[in-house]
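From the two separate chains plus the hints, produce the assembled complex.
Chains A and B are the protein sequences, given in the same order. Under my numbering, the first residue of the first sequence is numbered 2, with each subsequent residue one higher. Under my numbering, the first residue of the second sequence is numbered 70, with each subsequent residue one higher.
Hints in this document: simulated from the structure, not taken from any laboratory. Be a bit skeptical, because a hint or two may be false.
[Stated by the list, open to error] Think about it this way: if two alpha-carbon atoms lie no more than 35 Å apart in a straight line, the pair counts; the simulated DSBU-like pairs of lysine-lysine are: (1) K43/A with K137/B; (2) K58/A with K93/B; (3) K104/A with K137/B; (4) K107/A with K80/A; (5) K93/B with K107/A; (6) K104/A with K93/B; (7) K107/A with K137/B; (8) K64/A with K93/B; (9) K99/A with K93/B; (10) K147/B with K107/A; (11) K99/A with K137/B; (12) K147/B with K43/A; (13) K43/A with K93/B.
Okay, here's what each chain looks like letter by letter:
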Amino acid sequence: EDQVTQSPEALRLQEGESSSLNCSYTVSGLRGLFWYRQDPGKGPEFLFTLYSAGEEKEKERLKATLTKKESFLHITAPKPEDSATYLCAVQAQGGSEKLVFGKGTKLTVNP
Amino acid sequence: DAGVIQSPRHEVTEMGQEVTLRCKPISGHDYLFWYRQTMMRGLELLIYFNNNVPIDDSGMPEDRFSAKMPNASFSTLKIQPSEPRDSAVYFCATAEGSGANVLTFGAGSRLTVL
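In isolation and in its complexed conformation, chain B is listed as follows (with noise of 0.2 Å):
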């Protein structure tokens, strides 16, 4: 198995630009989650799905920040329009069964807005 795939690996951007972050989640995993993760505030859960529904976007910063899953192979994360406090790694973590607790993290796409 090839595991969590992310692309791109790296972002480079200027302020105001959109910005999609993409994810491949391993085959069967029913739980797909969008962490950030900053030197300041560690690792954030900004959203996370079941079965490709929305179950919790608590953690999702503000209006600018929108994510998909159409379905059980794709997820994106989008930044419209970007700002430079966006600038982190963005994981995501996919899991299987109840619990969902054993997280697999992708490498992660390391964002830097300009």
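Bound conformation, chain A alone (with noise of 0.2 Å):
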């Protein structure tokens, strides 16, 4: 069964700490990760697609990392508006169109 496993559940930042959130899954072959954001009574939006380990994507102060077993969406200088739940996702191979996603990471930046 296709597992997504994000840590650290919950992380508080100051404006302009740097820091990293983890994806960690398992799939039957990977078809790409999907990163997506969240913010408290919206739907989640996205914001990356990775396809194979080494890959990576930015978008302003975010940047996504693929290795064969885990994800890292890594924030530089963040800003108060960066404080959203962070979700990430996996496709499989095989025709399936299902995205598996975990539980994501609530983050707070503090002004």
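Structure (structure tokens):
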């Protein structure tokens, strides 16, 4: 069974304090790994797709990386508006379009 | 584009009542997914459709849950009878094309069953 585990569950940072979120996964052949951001009371919003080990994607203060067993979401010099829950998901090879999500990391950035 | 539109945004009902959640997908998106989110279990896929046809309903908890997509512009998720353990936020998400991995989510329907 495909599984996604995210850590930590919650993270508090001071504005400007860089850190990383972890996403460990087990999947029967990775088709893609995805990062989403979810604000309170809203649906998740797509951030990145990674397809193969070694791949990196960047968007503003966020950078996502991928290895064969895990992905990291690096946050550089975060701002309060980066506060949200960050969700990781995997899609397995084999034809199904199903995404399996982790439970997320709730990030709080204090000014 | 108005995005994925879900209704109602909030529903409070009593155990045993029928609940119907609705979703209007983004025009042109040929995949539609129903997810349920709880603190304990996170986001779980219930069912997904491709071109209005149900493809995988293995996540539907039990026979009390049913989903339909009568046309490309509308889908419903029905719970009958509802139970307190069904309390959760239900999301509809849609995607375009093969791969269907960039999901656009609606704002969700928060269901509370008393």
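Outcome of the hint check:
1. K43/A with K137/B: holds (24 Å)
2. K58/A with K93/B: Since the Cα atoms of K58/A and K93/B sit roughly 31 Å apart, the hinted pair holds (cutoff 35 Å).
3. K104/A with K137/B: holds (27 Å)
4. K107/A with K80/A: holds (14 Å)
5. K93/B with K107/A: Holds: K93/B and K107/A sit about 29 Å apart, inside 35 Å.
6. K104/A with K93/B: Within the cut-off at roughly 26 Å; holds.
7. K107/A with K137/B: It holds: about 33 Å lies between the C-alpha atoms, which stays within 35 Å.
8. K64/A with K93/B: holds (33 Å)
9. K99/A with K93/B: Holds, because 20 Å separates the two Cα atoms, which is no more than 35 Å.
10. K147/B with K107/A: holds (30 Å)
11. K99/A with K137/B: Holds: K99/A and K137/B sit about 18 Å apart, inside 35 Å.
12. K147/B with K43/A: holds (21 Å)
13. K43/A with K93/B: holds (16 Å)
Violated hints are absent here; each numbered hint is respected by the structure.
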